[in-house]
Amino acid sequence: MADTTNRMLTMAEAVREAMTIAMNEREDVFLMGEDVGIYGGAFGVSSEMQNKFGADRIIDTPISELGIVGAAVGAALAGMRPIVEIQFSDFTAQAMDQIANQAAKIHFMLGGALHVPLVLRTPQGSGTGAAAQHSQVLETWFANIPGLKVVVPSNPADAKGLLLSAIDDPNPVIFLEHKLLYKIPGRDAVPEGVERIPLGVSKVLRHGSDLTIVATGIMVNKSYEVAEKLSAEGINITLIDPRTISPLDMDPIHESVQQTGRLLVVQEGPSHGGFINEVIARVSESASFGSLIAPIKRLAGMNIPIPYAPQLERAAVPQIEDIEVAAREIVKNWR
Amino acid sequence: MADTTNRMLTMAEAVREAMTIAMNEREDVFLMGEDVGIYGGAFGVSSEMQNKFGADRIIDTPISELGIVGAAVGAALAGMRPIVEIQFSDFTAQAMDQIANQAAKIHFMLGGALHVPLVLRTPQGSGTGAAAQHSQVLETWFANIPGLKVVVPSNPADAKGLLLSAIDDPNPVIFLEHKLLYKIPGRDAVPEGVERIPLGVSKVLRHGSDLTIVATGIMVNKSYEVAEKLSAEGINITLIDPRTISPLDMDPIHESVQQTGRLLVVQEGPSHGGFINEVIARVSESASFGSLIAPIKRLAGMNIPIPYAPQLERAAVPQIEDIEVAAREIVKNWR
Amino acid sequence: MTTIQLLKGHPLSSKEHASHALLYMWKIRKFEEAVEDLFGRGMMHGTMHLSIGQEASPTGMCLALDLADQITSTHRGHGHCIAKGADLTRMIAELLGKKIGYCGGRGGSMHIADVETGNLGANGVVGGGIPIAVGAGLASKLQKKGTVAVSFFGDGAMNEGAFHEAANLAAIWKLPVIFFCENNHYGMSSSTEKAFAIEKLADRGLGYGIPGVTVDGNNVVEVYEAAEAAVARARNGEGPTIIEAITYRWKGHSRSDKNLYRTKEEIEEWKHKDPLPRFISIVLEKGLLSQDEIDAVQQQAHDQIVHAVNEAVKAESAEPSGLLDAVFKKVGA
Amino acid sequence: MTTIQLLKGHPLSSKEHASHALLYMWKIRKFEEAVEDLFGRGMMHGTMHLSIGQEASPTGMCLALDLADQITSTHRGHGHCIAKGADLTRMIAELLGKKIGYCGGRGGSMHIADVETGNLGANGVVGGGIPIAVGAGLASKLQKKGTVAVSFFGDGAMNEGAFHEAANLAAIWKLPVIFFCENNHYGMSSSTEKAFAIEKLADRGLGYGIPGVTVDGNNVVEVYEAAEAAVARARNGEGPTIIEAITYRWKGHSRSDKNLYRTKEEIEEWKHKDPLPRFISIVLEKGLLSQDEIDAVQQQAHDQIVHAVNEAVKAESAEPSGLLDAVFKKVGA
Ligand SMILES: Cc1ncc(C[n+]2csc(CCOP(=O)(O)OP(=O)(O)O)c2C)c(N)n1
Ligand SMILES: Cc1ncc(C[n+]2csc(CCOP(=O)(O)OP(=O)(O)O)c2C)c(N)n1
Ligand SMILES: [Mg+2]
Ligand SMILES: [Mg+2]
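Chains A, B, C and D, in that order, are what the protein sequence lines are.
With the first letter of the first sequence counted as 1, position 62 gets the number 62 in the working numbering; the numbers rise by one all the way through.
Whatever position you read off the second sequence (first residue = 1), add 1000 for the working numbering.
Whatever position you read off the third sequence (first residue = 1), add 2000 for the working numbering.
Whatever position you read off the fourth sequence (first residue = 1), add 3000 for the working numbering.
Worth flagging that the hints you see were computed from the coordinates, not collected in a lab.
Wrong hints could be hidden among the right ones.
Chain C stretches covered by chain A per the calculated footprint, using a threshold of three residues with CB under 8 Å from any CB of chain A [what the hints assert, rightly or not]:
no., stretch
1, 2199-2212
2, 2325-2331
Listed next, the in silico DMTMM-like pairs over lysine to aspartate or glutamate satisfying Cα-Cα at most 20 Å (straight line) [unchecked claim]:
no., chain 1, residue 1, chain 2, residue 2
3, C, Lys2141, A, Asp56
4, D, Lys3174, C, Glu2193
5, C, Lys2194, B, Asp1056
6, D, Lys3194, A, Asp56
7, D, Lys3200, C, Glu2193
8, D, Lys3015, D, Asp3325
9, A, Lys203, A, Glu225
10, C, Lys2015, C, Glu2225
11, C, Lys2008, C, Glu2222
12, D, Lys3145, B, Asp1028
13, D, Lys3330, B, Asp1168
14, D, Lys3174, C, Glu2199
15, D, Lys3329, B, Asp1028
16, C, Lys2145, A, Glu27
17, C, Lys2144, A, Glu27
18, D, Lys3144, B, Asp1028
Listed next, with one range per pair, are the computed distances between beta-carbon atoms [stated by the list, open to error]:
no., chain 1, residue 1, chain 2, residue 2, range
19, C, Val2331, D, Ser3191, 38 to 46 Å
20, D, Val3115, A, Asn24, 54 to 62 Å
21, B, Glu1192, D, Val3115, 35 to 43 Å
22, D, Glu3033, A, Leu180, 24 to 32 Å
23, A, Leu180, D, Glu3269, 34 to 42 Å
24, A, Arg206, B, Ile1184, 54 to 62 Å
25, D, Leu3006, B, Lys1052, 39 to 47 Å
Beta carbons: idealized from backbone N, C-alpha and C, even for Gly.
Isolated chain A (complex conformation) (with noise of 0.2 Å):
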C-alpha cells in the first residue's frame, strides 16, 4: 500500500511503534528483557515504552536469559503474547533448550493442546566491534529447529509490519534484527498504520533479467547498492528478500532463476547451515535446475569467530565489494 506520510523511521524506531501498536491494541502483550525499561534496552529500542505502559508491561528482568524465556514460555502457555528481548543474540545460547526443547516443540509434542505465541527479539550481527561473543549471526540454529518461525528484516518499513504479524502469530517466531540497521533510516517510508506483512512472503527488490540475488537482513541493502552500480554497466540484477527464512518462500526465486538463469546468494553468518544452502538446496533440486546457466555462486562470513579490530572485522563479513565481484563475475563469465 502507498504511503501518504513519507516517514522515515529507524529500524529501531520502527521497531517500537509495532510493538507500541501491539500493547495498545491488545491487553495480552508485554515486553520482557534486560534493561528494556528505564535504560531502554541496549539499543534503546524500547525507549519510553516503560514510561508509557509501565513497569507491569515493560519488565525488566535480572541478567537470566533461560529463565526470561522460560517464563515467557509459560506465561505464552497461561494466555499472555509476550515478546522477550534479549540483549545479543548470542545469549540465546543461554536459552536454547527453552527456545528449541520447549517452545518450539510444545504445539506440536502435546498433541496440539497448547500453542506458544512468543515473539523473541534480539540484535544481531558484527560491525560494532565488539567480537566474536556478541556479533554473531545465529539463525541457522533457529532454522534448524522445525516450529520456530524465523523473521530477518532488512529495513524499517518490513520490521514493523513483520513484528506486527510475528505478534499476532500464535506460534514461537524468532525476531532478529541487524545492530548497524538500528540507528540507519530506510530506504522506503514506513506506514503510519497497522499494515501487517505476512510471514513467509518473499519481497522482490527489484527486477533484472541478468542475474538473481537472494540476501537477507543487512545484506539486502549491501547487495542493493551493487545492483544500482552494475545497472549503469547494463548488469541488471534482480534482488529477492525472503524476510522470513523460516518459512522460507522460493517462487519468487523459482520465477526470477529461470528468467536470469544465474544465483548468487548472500549472508553475514558462516555458510555451513545457513539459509544460502536450503536455497541453494531447493534451486538444485527443482525445475529451476534446468535453467542455470551459471554455477550457483554463494557468499557467507568467513569461517571464523568475529574478531575485534575494525579491520579485522570488515574482513570477516561480505562487503559490498565481494558482492560486487561476485555478481560481475557470475554475468560476465557465464553467458
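Keeping the supplied structure of chain A fixed, place chains B, C and D with the ligands upon it in accordance with the hints.
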C-alpha cells in the same frame, strides 16, 4: 591397514575402547558426565570404566550440562584433556554458551594464547521412542560455529579411529554417536591397536558409476543397503561418508559427481541448515556443476519435531525405502 | 472428555476426602503397574519412568489446588497428571501411540499435558518445566487471576541452571509459584549425598529469599499440610515456597537401569515406608474409613485402570499423515 | 614479554607491600582513564566497560595469589588483568587492534587472557567465566598442583544459571575455587535490590554449602584479608568460598549508558568512598609511606601508562590475512 583379528565390535564397545586406550596412554585424559560411573552412562558406553580408572578419572556429575561443559573447558585450558559425555545431544542446548561462545572461540578470540582440547561425546538421533526432546540431530548447530570440529561416525571401526584423533586434537571436537548404532556390530572389523583416523577425510564405501550418494551417521548404513540392493538391478552407486561434517572433505565427492553426474545427499536431521545443503552448495559452485546430469536430490528428516509413536517416528526420518525410491528415480529419470 | 471430579481439602477432613486421597494414590500405583505390564508385554514403545513409591507427593500437593491452578511436570510425571485429574484412558492411549492419546501419539509418556486440568505439560528435559511454571505464575499475577502454579521436579533437577534462574525470578517478583521437589534420593544413579553439599534441599531457598520446608513425602497428610500453607502464601501475594518431599522410587530410573548404585536392602527398607499402607493405617486409626471401604476404593482404582487399558488398546492408532501440518498452530485459528 | 613483578602479601605488612598495593590500584585507575581518553578521541573501536572506583577489589584479591594461581575475568576486566600482572602495553595494543595486542586484535577489551600470569581470559558473556574457573580448580585438584582458581564476576552474573551450576560443582567436589563477586550495585541498569530478594549476595552460598563473606570492596585491606582466608581454605582442600566485595562503578555501564537508573547524588556519594584515598589515609596513618613516597608511586603508575599508550599507538596494526588459519590450533603443534 588390514585387520587380522576380525573383531566385530558395537559402536559402544569401540568408543569405550578408544577412551580406554587414550586414558592408558595419557594421564591428562579423563571422562566426565552424568551417570558415566557405575551406571556406565545412559547407553552403557563407559560401562566398567570407573572400576578400571577410578572415580577421579571417570567422574560422575550432577545434572548440570552447562556446568559440566564449562568445567571441561576450564580443565582443558588448565592443561587437561577432558572428554565430556552429554547424556542426550538434545541437552547440549543447556550448554550451548560454553560450547559455541566459549570452547569454539577461545583459541581464536584470545589470540592463540590458549586452546581447548575438549571432546564432547553425545548420542543423537531418533528411533528409540523417546520423542521430540530426546531424538534430535543437532549437528547443524555445531557445524555452523567456526571453531568446532564435528564428527559423525557411521560404524564402530571409524568411531574408534576418529575418537582417538579427536582426543588428540588440540581443538574442541563434537563427537555425535547414533543411539541405534550403539548395540549393533559394524560391517567391518575393528583393529585392535591404536589406529587413528584423521578428522576431515571422507571415506568412499563403494564405487559405482550411476549415482553418488553422500550420507552420514546411520544414513550411511541405510544407503549401503540400498546400494547393494540396486546393484543387483544394474544401478551402480558410489557411497561416500564424510565422517566429519566440519571440516568437510569434498574431494572424493567432486570426483565421484564428475563421474556419475548424479548426486543424492541424505541426512537424518531436518534439511534447513543441514550438512546436505553444504554439500549441494559446494557442488553447485564448483566445476562438478558442469557434470551434473540430474538435479541434485536431497533426503532429510521431515520438518517436524520427532514424534513418539513408532509409526509416526518412522515417518519422520528417511528410511531405506525412501532412499531406494530417490536413488531409482534419479537414475531412471535422468539419462 | 472426562468429568473431572476433584475434591480439594485435607485428606483427613472427611470420609470423602480420605477416600478421595486414597483413590488417587491407588490410581497412580495401579497406573504405573499397568504401564510396567504393557511395557513388559511389548505393547509399549520407548521408555518409561515409574513413580511407584512416590504416590503421596503429587496426591498431597494436588489436594491443595483448584482445577484452575496449574502444574508443570517431569519425565516421571504420570502421578502428577493423575493427581491433577487427567483422564486415564487418554493417558494410556498416549503411551500406546493412539489417536485419542493426549498428544495423539506425538508425545508419549514424557509429554502429557491437559489444558482442562491445568496441566501445562510433562517435560523430557530435567528442569525444563521449572521456568515455565514461573511464567504461568507471572501470567497469573499480570492477569490478576489468583491462580497458583506448581512445578514438580526431582532432586536432580535442582542442580540445573533452569531451577536457579526460575527460583530467583519467582522470588524477586513474589510470584504465586510452588517449587515442589520430589527428593527420591537419586537423579538416575546420582545420589543427593554426592550431588549436593547441603543436607536439606529445601535450604536452596535461603539463597533466593524463598522459604523452604522439608516434609515426609510418603505421608500424604504431611505433604498436604505443607502444600496448603504454600498455596495460601502464594495466593496472598507473599511469593514462592520450596517444598521438599522426601520419598523414594522403588523401580529403576527407566528400563535401562540395573540398580547398581543402590542396595537391595535400601530398596526393601523404603518399601516398608510405602505411602499407601501408611495412609491406610492413619485413616483406620482415625476411624475415617473401614477396611471394607478401603477395599472398595482399591477396587474402584483397579476398575478404572482396567477400563482405561481396555479402551486404549481398542483405540485407533495414530497415523503419520498430517504430521507436517501439526508443527504450527494455524494463524488466525 | 614483561618481567612480572608481583609481591604477594598483606598490603600493610611492609613498606614494599603498601606501595605495591597502591601502585596496582593507581595502574588500574590510570589505565581506565587512558582508555576513556583513547575512546573519546576516536582511537578505540567498539565499546568499553570501565572499572573506575572498583580498583581495591582485584588488587586485594590478587595480592593473595601466586603467579601460578588462575583467574577468569569479565567484560569489566581490565582491573583483574592488571592486578594479576598483565603487560600494559599489550593490553592497550589490544584495545587499539594492534598485532602485538594480547589477542592480536582479534579479541579486544573483553577478551584479554595472559597465560604467563594465570589469566584464563576475560569474557564477554556474563557468567561465562565462572564454570571455567571451576574447571581450572578441578584440573588443579586432579593434577595435585595446589593452585587456586578465582572467578571474578559481577552481582548481575550471580543470577545466571552458569553461576549456580558452577557453584554446586565446586562445593560438592571441594575444589580450590574462589567466587569473587564484585557487587557494584548494578548489572547494567538492574539494581541488586530489584534483581535479588536477599540482602547479602554472599548468602547465595548457603544453598550450596559454600561459606560466604561480604566485605567492603573499596578497602583493599579488608578485601585482602578475606582473600587470604579464602585462599588458605582452598589450598587446604576445604573447598570454595564466596567473597562479595561491595563497591561501585563511577562511570556508565558502557558507552551507551545515560545513567538514567541512578542519581547523580548516589554517584557523588560513592566518589567519596574512593578506594585510593581510602588506602592512602591508612598507610599515612600507619606511617608506612610518606606523602612523597605516595606521590612517587602515583607518578610511577602514570609513567607506566603513558609508556604503554605510546608504545601501543606506535605498534603495527593487525592484518586480516591469516584469520582463517587462526581458528584452529594446528594438530600436532
Ligand atoms: C537436561 C537433562 N539432562 C539429563 C537428562 C537425562 N535424565 C533424565 S531423568 C534424569 C534424572 C533426573 O533426576 P531427578 O530430577 O532427581 O528426577 P527423578 O528421575 O529422580 O524423578 C536424567 C539425568 C534429561 N532428561 N534432561
Ligand atoms: C549472558 C549475557 N547476558 C547479557 C549480557 C549483556 N551485559 C553485559 S555486561 C551486563 C551487566 C553485567 O552486570 P554485572 O555482572 O553486575 O557486572 P558489572 O557490569 O556491574 O561489572 C550485561 C547485562 C552479556 N554480556 N552476557
Ligand atoms: Mg530424583
Ligand atoms: Mg554489577
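Against the structure, the hints come out as follows:
no. : hint                               : in the structure
1   : 2199-2212                          : violated (count 0)
2   : 2325-2331                          : holds (count 6)
3   : C:Lys2141 to A:Asp56               : holds (10 Å)
4   : D:Lys3174 to C:Glu2193             : holds (13 Å)
5   : C:Lys2194 to B:Asp1056             : holds (14 Å)
6   : D:Lys3194 to A:Asp56               : holds (14 Å)
7   : D:Lys3200 to C:Glu2193             : violated (27 Å)
8   : D:Lys3015 to D:Asp3325             : violated (49 Å)
9   : A:Lys203 to A:Glu225               : holds (17 Å)
10  : C:Lys2015 to C:Glu2225             : holds (17 Å)
11  : C:Lys2008 to C:Glu2222             : holds (15 Å)
12  : D:Lys3145 to B:Asp1028             : holds (13 Å)
13  : D:Lys3330 to B:Asp1168             : holds (11 Å)
14  : D:Lys3174 to C:Glu2199             : holds (16 Å)
15  : D:Lys3329 to B:Asp1028             : holds (18 Å)
16  : C:Lys2145 to A:Glu27               : holds (14 Å)
17  : C:Lys2144 to A:Glu27               : holds (12 Å)
18  : D:Lys3144 to B:Asp1028             : holds (12 Å)
19  : C:Val2331 to D:Ser3191: 38 to 46 Å : holds (40 Å)
20  : D:Val3115 to A:Asn24: 54 to 62 Å   : holds (55 Å)
21  : B:Glu1192 to D:Val3115: 35 to 43 Å : holds (39 Å)
22  : D:Glu3033 to A:Leu180: 24 to 32 Å  : holds (30 Å)
23  : A:Leu180 to D:Glu3269: 34 to 42 Å  : holds (39 Å)
24  : A:Arg206 to B:Ile1184: 54 to 62 Å  : holds (55 Å)
25  : D:Leu3006 to B:Lys1052: 39 to 47 Å : holds (42 Å)
The structure fails hints 1, 7 and 8 (numbered hints given earlier, in ascending order).
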